[in-house]
Amino acid sequence: MNFETLIATRAPRLLRLKISRPHHGNSINATLIRELSQALDGAERSEECRTVVLEGEPGLVCTGMDFQELAARPEADPGETAGIAGYMKLLKRFTLSPKIIVCHVEGKVIAGGMGLVAASDLVLSTSRAEFALSEALWGLLPCCVLPFLIRRIGFQKAYAMTLTTRSISAQEALAIHLVDELTQNLDESLRKLTLRLNLLEHETISDLKRYFHKLWTINPEMEKLAVQEITRLASQPRVRQNIANYAIDGAFPWERRDAVAQK
Amino acid sequence: MNFETLIATRAPRLLRLKISRPHHGNSINATLIRELSQALDGAERSEECRTVVLEGEPGLVCTGMDFQELAARPEADPGETAGIAGYMKLLKRFTLSPKIIVCHVEGKVIAGGMGLVAASDLVLSTSRAEFALSEALWGLLPCCVLPFLIRRIGFQKAYAMTLTTRSISAQEALAIHLVDELTQNLDESLRKLTLRLNLLEHETISDLKRYFHKLWTINPEMEKLAVQEITRLASQPRVRQNIANYAIDGAFPWERRDAVAQK
Amino acid sequence: MNFETLIATRAPRLLRLKISRPHHGNSINATLIRELSQALDGAERSEECRTVVLEGEPGLVCTGMDFQELAARPEADPGETAGIAGYMKLLKRFTLSPKIIVCHVEGKVIAGGMGLVAASDLVLSTSRAEFALSEALWGLLPCCVLPFLIRRIGFQKAYAMTLTTRSISAQEALAIHLVDELTQNLDESLRKLTLRLNLLEHETISDLKRYFHKLWTINPEMEKLAVQEITRLASQPRVRQNIANYAIDGAFPWERRDAVAQK
Chain A
1 MNFETLIATR
11 APRLLRLKIS
21 RPHHGNSINA
31 TLIRELSQAL
41 DGAERSEECR
51 TVVLEGEPGL
61 VCTGMDFQEL
71 AARPEADPGE
81 TAGIAGYMKL
91 LKRFTLSPKI
101 IVCHVEGKVI
111 AGGMGLVAAS
121 DLVLSTSRAE
131 FALSEALWGL
141 LPCCVLPFLI
151 RRIGFQKAYA
161 MTLTTRSISA
171 QEALAIHLVD
181 ELTQNLDESL
191 RKLTLRLNLL
201 EHETISDLKR
211 YFHKLWTINP
221 EMEKLAVQEI
231 TRLASQPRVR
241 QNIANYAIDG
251 AFPWERRDAV
261 AQK
Chain B
1 MNFETLIATR
11 APRLLRLKIS
21 RPHHGNSINA
31 TLIRELSQAL
41 DGAERSEECR
51 TVVLEGEPGL
61 VCTGMDFQEL
71 AARPEADPGE
81 TAGIAGYMKL
91 LKRFTLSPKI
101 IVCHVEGKVI
111 AGGMGLVAAS
121 DLVLSTSRAE
131 FALSEALWGL
141 LPCCVLPFLI
151 RRIGFQKAYA
161 MTLTTRSISA
171 QEALAIHLVD
181 ELTQNLDESL
191 RKLTLRLNLL
201 EHETISDLKR
211 YFHKLWTINP
221 EMEKLAVQEI
231 TRLASQPRVR
241 QNIANYAIDG
251 AFPWERRDAV
261 AQK
Chain C
1 MNFETLIATR
11 APRLLRLKIS
21 RPHHGNSINA
31 TLIRELSQAL
41 DGAERSEECR
51 TVVLEGEPGL
61 VCTGMDFQEL
71 AARPEADPGE
81 TAGIAGYMKL
91 LKRFTLSPKI
101 IVCHVEGKVI
111 AGGMGLVAAS
121 DLVLSTSRAE
131 FALSEALWGL
141 LPCCVLPFLI
151 RRIGFQKAYA
161 MTLTTRSISA
171 QEALAIHLVD
181 ELTQNLDESL
191 RKLTLRLNLL
201 EHETISDLKR
211 YFHKLWTINP
221 EMEKLAVQEI
231 TRLASQPRVR
241 QNIANYAIDG
251 AFPWERRDAV
261 AQK
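Protein chains in written order, with the numbering used here: chain A, 1 to 263; chain B, 1 to 263; chain C, 1 to 263.
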């Protein structure tokens, strides 16, 4: 498999997918979503493959939506809603795929990147990991991330992360179950984990993920609501301006507001 | 704003509300509920105000219902249900108000006081904080508190606190997410927190609280159930007697029961 | 009360039930389910009894289903579904009984044994406790355990325990609220706890358990789904073979698979 935004490596019973858009802050664009989905197609066609490991660049796992691409789009672009719906579909697919999705975190995860973490079956991280939901600073909300994040870390922690936009350390993330295992040696931890996971039969993984899905449904109404709400927020002129300004000169919304207020 | 049960202080983008009924153990009566609601009206009318800080007396944040007032009431007083419904409405309003409600805890929080904490957006506390649900000792239950408390700390911790009536320390409260931040310097922590919160635009706070409300609905049926159940419990002769005895001579229900058993 | 699988001891306001099938790894069979239910009948008839303590052998609290008995059964035995439904009913009864069910853990709890822990009102353990959901190794799932376990420890921790089949220590179990109190002296902790619990009136315990049930319903559809799914899994020839092999010579499923693969 040859990708533009991913580096894929095979090992016995394992597929490793490294998000690689270093010149775009490892942000999420339409190509990344499509290629992640294609890579999953491949893994699911293989009877032999048990686990898909998702990782980023050292130091930077994944930021959210690609603001440069977003700012370049015409207003009310129908492709935008399609892109968001594709992202939501990908997160849901993580939770239903008959492959075990293990997220490997060794750096920053921001905004939309948090969805990939929250929807993964298991999350391993080093102490270098750092997590933040920065959306509210831009007048946005992590609409698609939250159903999966609340399921993983509970209502209050997801709420506090969204409202304060404060980043949390790997240690804090472990305490609130955002991270399942904190390790100093990701490869060794992954080796031990996959040894255990490989004891399970293929059918059992499918059965397990299907049954858990019934116990905590993220239902179609909620998915639709998430896509609608983020589309609504992102199309507001105020928010579009925030994003456009940042794409041009890296200025944060409050810096502009403060500058205006001081005039 | 001039209140009987509250001391209100304004600061830039901030309204501080200190519950002040020191001669009644900072307990909750109808006046306090009405005045908290009026203070919120004022905050919500101000475009400039971002955050409302709710606090108590040093050492004693808030106990539950005012038992003296309750004991003085005629049986089956329709005002009682109205009072409880008003309390439930206030808690729900905390979660929906376009202002950020920060609870400041530097002392004991007991029974109904726990509702004010649980329904707040964020909770800061010092190590002096102490939390307990004592209702079951009186034959009551924290009916209105629980929907908000379960949302915040999960089912089991809310269950164990209700059943054992044991008080928990600030450190334990942090571990179960009843407290969001434990600090030795509340003013400094509040300053840092509001600096962050002030980066958010007014509309974003509204959008955020509205969206989260849809992800974890405390629905009208549950609110009605809560008010009905606490009204039913509080009107039982056994429970009324427990409260009346305590109002007269400070005797706890089990002390009376033991005395009767020993005769 | 005289039981085959339980040792029952009375103390003031207390009934202690010790699971005692030492020659069958303290596993769960139809007799144990019936006798636990009968013991609860007795406790519920007594106005004086407040608390039922459930415990196991030192070192081994409870493993899951008795595989020897299961392997000896004819295929598609209707008694099997009845047995599972009885187990599910017993767990639900723990959460609704007007007696307080305290689980005492001083050893291993595996698979179906986890349901008894998860459905208990309160769980006390020593550092000797160890918890695991091993079902997936056999091609099974902890279908009946999960609704109660998710309620107690949240979705992600229940998910990770099921998927990794890894056992967790008493300290970890405390951190995720599977254990309510970790103690070095179970008898002393139990004494202090029951002193507090005995302050509650009989009616209050009933009211409390009924009200909490309404706040987090494990509804009949979910109960039915759980029984159907575990029945379906357990009747698959592949899974029956796994269990039969283990019953004969203690071989784990993956050992057989590896042996076949090496031929």
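Honestly, the hints are just simulated from the structure, not real lab data.
There may be inaccurate statements among the hints.
Which copy? The list can't say, so a pair holds if one copy fits it or any two copies do.
As the list claims (entries may be wrong) - Under the rule of at most 25 Å between Cα atoms (straight-line distance), these lysine-lysine pairs were calculated in the BS3-like manner:
(1) K224 / K209
(2) K89 / K18
(3) K214 / K18
(4) K18 / K209
(5) K92 / K214
(6) K89 / K214
(7) K89 / K224
(8) K192 / K214
(9) K224 / K18
(10) K92 / K18
Okay, the hints, checked on the actual structure:
no. : hint        : in the structure
1   : K224 / K209 : both (22 Å within a copy, 18 Å between copies)
2   : K89 / K18   : within (20 Å within a copy, 47 Å between copies)
3   : K214 / K18  : neither (30 Å within a copy, 34 Å between copies)
4   : K18 / K209  : within (24 Å within a copy, 35 Å between copies)
5   : K92 / K214  : both (13 Å within a copy, 19 Å between copies)
6   : K89 / K214  : both (17 Å within a copy, 20 Å between copies)
7   : K89 / K224  : within (10 Å within a copy, 29 Å between copies)
8   : K192 / K214 : neither (29 Å within a copy, 40 Å between copies)
9   : K224 / K18  : neither (29 Å within a copy, 42 Å between copies)
10  : K92 / K18   : within (20 Å within a copy, 44 Å between copies)
The structure fails to meet hints 3, 8 and 9 from the earlier list, while all remaining hints are met.
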